[in-house]
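J.: Just need the whole structure built from these sequences, with the hints factored in.
So that you can map any letter, position 481 of the sequence shown is 681 in the numbering used here, and since no number is skipped, the others follow by simple counting.
Please keep in mind that the hints were generated in silico from the structure rather than gathered at the bench.
Predicted model only: the values in this text are computed from it and were never measured.
Take the hints with a grain of salt, since some may be wrong.
Restricting the straight-line Cα-Cα distance to at most 27 angstroms, the calculated cross-link-like pairs of lysine-lysine (BS3-like) are [as the list claims (entries may be wrong)]:
(1) Lys557 to Lys360
(2) Lys580 to Lys726
(3) Lys726 to Lys626
(4) Lys780 to Lys557
(5) Lys360 to Lys222
(6) Lys329 to Lys726
(7) Lys486 to Lys557
(8) Lys409 to Lys556
(9) Lys780 to Lys526
(10) Lys773 to Lys329
(11) Lys523 to Lys689
(12) Lys689 to Lys782
(13) Lys773 to Lys689
(14) Lys726 to Lys360
(15) Lys726 to Lys526
(16) Lys329 to Lys626
(17) Lys689 to Lys222
(18) Lys329 to Lys523
(19) Lys360 to Lys526
(20) Lys523 to Lys557
(21) Lys329 to Lys782
(22) Lys409 to Lys689
(23) Lys618 to Lys360
(24) Lys726 to Lys556
(25) Lys523 to Lys618
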Amino acid sequence: MLHFQTKGNLLVIAFVSYFGAKLHRPRIITTGCCIMGLGCCIMGLPHFLMGRYQYEKAVYSSNSSSSSMSLCIANQNQSFIPLEEISPECIKETKSRMWLYVLLGNILRGIGETPIAPLGLSYVDDFAKTENSPFYIGCVQTVAIIGPLFGSLLAAFCAKLHVDIGSINLADITLSLTDTRWVGAWWLGYLICGLVNVLAAIPFCFLPKTLPKEGLEDEAKLSIEISKNLLKETERNQHQDSKQNIMKDFLPCLQRLSLNSVYVLFLCITVLQFNAFVGLITFMPKYIETQYGKSASEAIFLLGVYNLPVICIGYFLGGLFMKRFKVTILQAAYIGLCTSLIEYLIYFLAFALVCKKSEVAGLTVSYTGHEQVSYLDAFKSDCNLNCTCPTNTWDPVCGDNGITYITACLAGCESSIKAGQNTVFKNCSCLLETSATLYRNASAVPGQCQREENCDTMLHYHLILSLLCCLIYSFGGIPGYMVLIRSLKPEEKSLGVGVHFLIARAFAGIPSPISYGAIIDTTCLKWGTTRCGTPGACRMYDADAYRLVFLGVTAALRAMSYIPCAFIIIILKRRHVQEKNKTSMNDGMEMQNEEQENNSVDKDNVQQMDSLHMQSQSNL
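T.: Set out below in C-alpha cells:
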C-alpha cells in the first residue's frame, strides 16, 4: 500500500521538475507541503472508522463457558473452536473499504513531496556561489536527516502504545511489546506528521521567486544583477507566452539528458544503490527483532539514535570539505567512490555478528530442547499427543525451562491462574522433557522467552558497526551527489534532478521492498493465521537464513553498482585530460601571440631608430 506514495510521486515528478523551475518555486513547495499534510491526516482516518484490533489467539469452549486460553483439552466436554469457521463479522471485515483511505492518503503524500527535492535543491544551487553550493546542499541534506531522526523517535513512542489506547483496558491485554502480534498506535504518527507538514509550509510563503547571486550584495553589483535577472525574466516570460514552445523544449531537454553519459551512468548507480538501501532500511528493524530479540519499538529507536545523527554529521562534513578545498568534479567522484568502497568492506563484518537464536519447540529445537529439527511440521510430541491442539495458531508461551512453545496447549499445559499479562499456565507436561521440575510445578507465562545476554552485546557491536558505516558513507554522499549536479547544464538542472528522483522511485522505491519481502519470506518457519482463518504474517523466521539472504542480497546489489562507477571515473578523467590539454594549448597560443606582439613592437622600434638615424645623417 505504501507503494502508492511512490506512484503518486511518479505521476507528476517529471512535469513538476521541468515546469516548476519556470514558475514560483517556493510557492509550489508550499502547496506540496500542504498536500502532504492532508494526505497524512487521511491515512489516519481508518482507525476512527473501523472496529478494535483483535489479535490471533486460540479459543476453546466447554459446556458452560469459553476461554481464550489455549489449554490442553483433557476431556471430551471441551472442544477446539476451529478458525476455519468464518463468522459474519469476518465476512464484513474482508469487504471493508478502509484501505481506500490509506491508498488516497499515500497518493497525496507522493504528489505533495514531489517538488521539494528537485525545486528546492535547484533553488539553492542557482543562487549560491559555485564553491559554496556543495556546503549548502550538505546542510539541506543534514536537516533532511533530522526529520527522520525525530520521526524514528516518534515511531518508537507510538509503537509502544497499543493501537486502541484510550478505548480498552490495557490490563486485559496479554501481549508484550516483543510479541509479533502487537500492533502499536500507527495512526497517531500520521496525524502528528500531517500537522508538522502544514506548519513547515509557512516559511516558504515568504521566499521570493528569485534571489541575487551570492557574492553580489553590494549596491553596484546588485543593481547590475537585478537588471540581468529582469532582462532574463522578460525574455523568459516572452518565451513562455506559448505553451507549445514550452512543450517543444521539454522533449529536447529529455533527449539531452539521455545523451549525457555521466548522467545516465549515475542513474544506473542510483538504481542499484537505492535498491540495496531501501531494502536495508525497510527490513532492518525486522532484522534486529529476528537476530537479537528486540521489540519493534526498541529496534526503531536504536536505529534512529545510532545512525541518523552520524549521517547528519557525515553530510555536513562532506559539504564543508568540498567548500574548504574547492573540490573538482573528478575529485568529488574519487571521494564518493573511495568512501563507498571502504564502507562496503566494513559492512561484511555484519555477517559475523550473531547470537544464539530463539529456542522454539517444534521449530528451531525439538521438544527435548537439544536436537535440531528439520523445520518441518514437528509441532506434535509424546507430551501433547493427547491434547486437541491447533497447529496453525501462534499464541506463544515461555516455559520455565527457557524454551518457547507455540501455544500453551502444545506445551501440554492443563490449567491457568490469574489473567492478562500476569497469567501463569500450570501443569505443562512438555516442560518435563527438558526440566527436572516436578510435573505439578512445570509452568509457563504468555509471550516468547527472552534471548541470552550475549545477544545484547552483539546488538551493541552491530549498532556501532552500523554507526561507522553510516558516517563513512554519508561523508562521501555530498561529493557523489555533486557529480550529478555538475554534470548538468543550468537549464537542465531541475529536470535532471527530477528525473533522477523519478528513476530512483520507479526502479528502486517500488520494487525493492517487494523483492526483499519475497526473498525474506522464504526464510519463514511459522506463518500466523488471522481470526477469520486466512493466512497472516510470519511469526517466526530462520534467523541464520534471514541474515544470509538479507545481507547477501544487499552486498550483491552494491557490488554491481561499482561497475558504472568505474566508467564515470574513466569518462571524467578523459574530460579532465582534454580540458588540461585545451588549457595548455590556449596558454601556448597566448604566449605565441604575446611573442608576436613583442616582435612587432621590437620591429617598430628598430624601424623608428633607423629612420631617426637616416634623418640625422641627412641633416649632417
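J.: The structure should be examined with respect to each hint, and the outcome stated for every one.
T.: Consistency of the hints with the structure:
no., hint, in the structure
1, Lys557 to Lys360, "holds, 24 angstroms"
2, Lys580 to Lys726, "holds, 14 angstroms"
3, Lys726 to Lys626, "holds, 25 angstroms"
4, Lys780 to Lys557, "violated, 59 angstroms"
5, Lys360 to Lys222, "violated, 46 angstroms"
6, Lys329 to Lys726, "violated, 58 angstroms"
7, Lys486 to Lys557, "holds, 14 angstroms"
8, Lys409 to Lys556, "violated, 59 angstroms"
9, Lys780 to Lys526, "holds, 17 angstroms"
10, Lys773 to Lys329, "holds, 24 angstroms"
11, Lys523 to Lys689, "holds, 20 angstroms"
12, Lys689 to Lys782, "holds, 20 angstroms"
13, Lys773 to Lys689, "holds, 19 angstroms"
14, Lys726 to Lys360, "holds, 24 angstroms"
15, Lys726 to Lys526, "violated, 56 angstroms"
16, Lys329 to Lys626, "violated, 74 angstroms"
17, Lys689 to Lys222, "holds, 15 angstroms"
18, Lys329 to Lys523, "holds, 10 angstroms"
19, Lys360 to Lys526, "violated, 47 angstroms"
20, Lys523 to Lys557, "violated, 48 angstroms"
21, Lys329 to Lys782, "holds, 25 angstroms"
22, Lys409 to Lys689, "holds, 20 angstroms"
23, Lys618 to Lys360, "holds, 24 angstroms"
24, Lys726 to Lys556, "holds, 19 angstroms"
25, Lys523 to Lys618, "violated, 66 angstroms"
In this structure, the earlier hints numbered 4, 5, 6, 8, 15, 16, 19, 20, 25 are contradicted, and the remaining ones agree with it.
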